[in-house]
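Following the hints, complete the assembly by docking chain G onto the known chain F.
Keeping their order, the protein sequence lines are chains F and G. Residue numbering for the first sequence follows my numbering, starting at 1 and increasing by one per position. Residue numbering for the second sequence follows my numbering, starting at 485 and increasing by one per position.
Derived by calculation from the structure, the hints in this document are not laboratory data. Using N, Cα and C, we set each Cβ at its ideal position, and we do this for glycine too. It is possible that some hints are incorrect.
Listed next, with one range per pair, are the computed distances between beta-carbon atoms [as the list claims (entries may be wrong)]:
hint, chain 1, residue 1, chain 2, residue 2, range
1, F, Ala288, G, Asp549, 36 to 46 angstroms
2, F, Arg32, G, Pro540, 29 to 39 angstroms
3, F, Glu425, G, Pro540, 46 to 56 angstroms
4, G, Asp867, F, Glu128, 44 to 54 angstroms
5, F, Ala289, G, Glu818, 49 to 59 angstroms
6, G, Ala829, F, Asp23, 45 to 55 angstroms
7, F, Ala288, G, Arg623, 53 to 63 angstroms
8, F, Glu128, G, Arg515, 31 to 41 angstroms
9, F, Asp23, G, Ala664, 55 to 65 angstroms
10, G, Arg623, F, Arg32, 26 to 36 angstroms
11, F, Pro399, G, Ala537, 39 to 49 angstroms
12, G, Ala537, F, Ala53, 46 to 56 angstroms
The residues making up each chain are set out below.
Protein chains: 2
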Amino acid sequence: MNPAFDPERFRREGRAVVDWLADYWAGLEDRRVAHTVDPGDVRAALPVAAPEAPEPLAAVLADLDRVIVPALTHWQHPGFFAYFPASTAPPSILGELLAAGLGVQGMLWSTSPACTELETHVLDWVAELLGLPPRLSSRGAGGGVILDSASSGVLVALVAARERATAGRTNAAGVGAAPAALTAYASGDAHSCVEKGVGIAGLGRDSLRRIPVDSAGAMDTAALERAMADDAAAGRRPCLVVATVGTTARGGIDPVAAIAAVAARHGAWVHVDAAWAGTAALCPEWRAALTDGADAVDSWGTNPHKWLLVNFDCHCLWVADRGALINSLSTKPEYLRNAATESGAVIDYSDWQVPLGRRFRALKLWLTLRLFGAEALRQRIRDHVTWAAWFADRVAADPRLVLLCPPSLSLVCFAATGGDAATLELLARINGAGEVLVSHARVADRIAIRLAVGATLTERRHVEGAWRIINAALAPPSAAEAAP
Amino acid sequence: MNPAFDPERFRREGRAVVDWLADYWAGLEDRRVAHTVDPGDVRAALPVAAPEAPEPLAAVLADLDRVIVPALTHWQHPGFFAYFPASTAPPSILGELLAAGLGVQGMLWSTSPACTELETHVLDWVAELLGLPPRLSSRGAGGGVILDSASSGVLVALVAARERATAGRTNAAGVGAAPAALTAYASGDAHSCVEKGVGIAGLGRDSLRRIPVDSAGAMDTAALERAMADDAAAGRRPCLVVATVGTTARGGIDPVAAIAAVAARHGAWVHVDAAWAGTAALCPEWRAALTDGADAVDSWGTNPHKWLLVNFDCHCLWVADRGALINSLSTKPEYLRNAATESGAVIDYSDWQVPLGRRFRALKLWLTLRLFGAEALRQRIRDHVTWAAWFADRVAADPRLVLLCPPSLSLVCFAATGGDAATLELLARINGAGEVLVSHARVADRIAIRLAVGATLTERRHVEGAWRIINAALAPPSAAEAAP
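For reference, chain F alone in the conformation it holds in the complex (with noise of 0.2 angstroms):
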C-alpha cells in the first residue's frame, strides 16, 4: 500500500470528516452567526511551527471545534442575511469533494475531455433554463465558462473588449499604444470589481465613468449617452459598459437594452454582470425582467454559488464571440501544443481565464442541478422572494423604519427614521443579539440595512424572528422588560 493514498483509512477518515459537517450543519441554528473574537486570537491558538510527525486526524476536528469553529462567520446558518448569501448544500459539497478527489486538470481539452465537456454542456443547460439567447450557447459562436468570481468574469470581459476596440494592438503593445484613450462605463451603484479590474487591466480607474442611477438604482441611459458621446468627441473610445443586473446595494437592474442600443453606436463592449439577481431568471416570472436585452450583450455573467446551493466558487459566464476571449487570453508554448487543440475540434478553457490550470469545477454545477432538479431550485427562489415581500410589508408598515425601496426579489432594504447614526446604532443591536447577521450599504445617500434572504437554511420562521429581532431591537430594553 502506498503510503500517501491508503484507501481504506481514506473511507475511514472521509466518513469521519462527513460526520462533522453533518453535525455541524444540524447544530448550525444553535450557534451565533457571527465570530466574536478579536484580531490575533485564531493565531495565538495555533503552534509557532509546522509539525513534523503526523498527527491524526481527530486531532484536527478536535482543533476545528477549539479554535476555527468560534471564529467563523456561519454563512450557512439559518439567520445569515447579511452581503448576499453564499448558499451551499450536499449535492454541491458532494461535487466539489469529487473534484478534488479526482484531481484532474481541466487547462486544455486533452488533459481531460469530460473536464472540459462537462463544463460547457451544463453551461448550456444552465443558459436554456435562464432563458439566455441561444448566441450565447455554444452551439453556436458562443459558450459558457465558470470562472471563480464576478470580478474575473468582468476582467476577461473588459481585456476582450480592449483588445476588440484596438484590433489586438493594446494585448500586443500595450494601453500606452491605442489609438485613443480607452474609457468603460458602468452605473454608481456597480459592483467594485469594475473598477478593481479597470485598474488591474492597465485603463486606469479613472477612465471608468460611474453614471448616475435613477430613483429606481437603474443606470441613467440618457447620461450613458451623453458620457460616451463626450468622450468620442474628445477622441476618447468607449470600449466596455458594464450593466448591472442586480446591483450589490439595493438590487437595482439596469436597462440592458436600452445600453446595448446605445453602446452599439460606439462598438463598446457590454457586460452584463448579474451575479446575485441572474439566478432568479430560473423563474419564468421574473425572467423577462432580469434578461431583457440580452440578445444584444457580448457577455453575461451569474453566480451559482450565491443564489444556486453551489458553494463558492462559481461564476458562470457566457460569451456570444468566444473566439473574441481567446484571441486576448491564449498562450501556447510547445509544451500545451497537442492534436485536439490543433484540430480546432475543442474548447481550452485556459484560454479563457487567467490562471492555466482548472479544476472540475462543472461537478458541483452538475450535481445540483441533478439532485435538486430545476423545479425545486425555482420553488426556493420563490419562498425567498415571498418571504422578503413579507418582511418589507412590515417595515413599510413600521413609523420606526423607512423602506428605503421597494424589495428587488429577496432583498430589502430599510434605514431607521433617525438618519444614518440611527440606522447604525440599530444595525449593531441586531447583530449583538448573535441570532441573525445583516450587512449595510448605502442607497441613495443613505446608510441601509440590508436583509438578503437566500441562505440555505433559512426559512420562513427565521425570516419572522429576523423581524421580531429588530422590533427587539428598536424598543429601549428597559421599556421591553417593564412591559407585562
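Okay, now just chain G, sitting in the frame of chain F:
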C-alpha cells in the same frame, strides 16, 4: 427538516461518494492513464437539457463511471509523468471537503477571521519550512496568501510592480499615463503566464523581454543587464523581472541573487516563479540552490498543488511589502467597510487578489502539513529525485537516446538520437501503450520528452516500469516479437 440540507441524508450520500473515490483510487493502476475519447463523445452521452425533477445520487455515480471516468486523463495515476504532476492526497481532499462544507467567505477578516488567520499562519509555517527569509513572513512588512495559480501570482506581482514604478499613477490614470514605457523581463524559458500577464495588465506582450538562457537553462544575467540598460537608455522604465526557479520545459534555475542585483539598479520588482521546484526547498540539501537570493526579492511563489500533495488550487505567494500589493488592488465600497478593517489590525485578503470572494483554502494545506508531518513530505521529494536520477542514468547509458540535460530534481528530459521526428514518434509509442503518460517540450531547440516524477501513487517500481515501456517502444515491434 429543511429539504435543502438533511444531515442524515448528507451522512449517507457523503459516505457513498467517499467510497466511490476510495474505489477509484484503489483501481487507478489498472486503468489506462490517458483518455480514449474523441471530441464531442462526452456531450453526446449527456441529456440535452437539465432535469426538472430530482435524480438520485446513484444515477450520478453511475454516469461518473459510464461517461466521465473514461473521458479523464488520470492525473493521479501512478504512471502519470506528464507536465508537472498535480499531486493530491486524502488530507487535502478532506480539507477541500471541509472548506466546501463550512461554506464561509474569507473576503474580509471580519467575514470569517479563522479563514484569514489560518491562511496567514500556515503560510508563515511553509515559509519557514522552505527557508524563505523572515521578511517574506507576516511577522514583518510582508506575508503570504493563497491564490489559485502561479499565473495569478505573476499577475498581481506585475500590477504591484507597475504601480510601484509609477507611484500609483497607472492604477489611476492607466498604463498610457506612465511617464515612460514600462518593460518586463523573464527568460526565454519562463512560463507562458508571464506573457499572458503582461498582456492582461496592459503593458502589452511586446514589452516583455525574453532573456536568453545559458546551457544549463538559467537566465543569462549579463544579457538581462544589457536589456535593462538598453531600455533605460531609451527612456523606458523596467518595472518587473520574473526569475524562474524550475522552468517548465527542463527545470532550469535562474540565478536569483544576481538577477536581483541587476534589477535593483533599475528599481524593478523581482518576482520568483518557483511553482514546481520551490517545494523541494523543504529539503535542506537543495534549499540553498532554490532559495538563494530570496532575501532580495519582492515576491516569491510556489504551488503546493504540484508537488506537496495539495489539490489544485493552491498557489502560495509571499510578498516582502504587503502594502504595495494592497495599494494596487484594494477597493472599499461602503458595503465592505467594517471596524476591524478600519482598525488596521487585520488582513483583508480580497486586497491581495483579483476576485473579491475567497474560500477557506488554508484548510487543505493545514491538514496536509499536520496529517503527513513535514518529514514525510521531505522524504517523498527525496524519493522522487532519487528515482529520476536512476532513470536519467539509464537514458544516458543508452545509445538510442540523448539525455538533453542533467535531471533537475525529479524532471528528466531526453530525446531519440534520430532527431525531432523520431522523438515525437517515440513519444506517441510510449503513451500509446496506456501504462504511462509523458509529455513534451522544447529544450535548446530540440523536442524533448519530459518524465516528471511526482504523482501521489508513483513508486520506484513505476519509474522502473516507465523505463521498460520506453525500451519496448524503442525496439521495432517485429524485432521484439522475433526475440526468443
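Hint check results:
| no. | hint | in the structure |
| --- | --- | --- |
| 1 | F:Ala288 x G:Asp549: 36 to 46 angstroms | holds (41 angstroms) |
| 2 | F:Arg32 x G:Pro540: 29 to 39 angstroms | holds (36 angstroms) |
| 3 | F:Glu425 x G:Pro540: 46 to 56 angstroms | holds (51 angstroms) |
| 4 | G:Asp867 x F:Glu128: 44 to 54 angstroms | holds (50 angstroms) |
| 5 | F:Ala289 x G:Glu818: 49 to 59 angstroms | violated (26 angstroms) |
| 6 | G:Ala829 x F:Asp23: 45 to 55 angstroms | violated (33 angstroms) |
| 7 | F:Ala288 x G:Arg623: 53 to 63 angstroms | holds (56 angstroms) |
| 8 | F:Glu128 x G:Arg515: 31 to 41 angstroms | holds (34 angstroms) |
| 9 | F:Asp23 x G:Ala664: 55 to 65 angstroms | holds (60 angstroms) |
| 10 | G:Arg623 x F:Arg32: 26 to 36 angstroms | holds (31 angstroms) |
| 11 | F:Pro399 x G:Ala537: 39 to 49 angstroms | holds (47 angstroms) |
| 12 | G:Ala537 x F:Ala53: 46 to 56 angstroms | holds (51 angstroms) |
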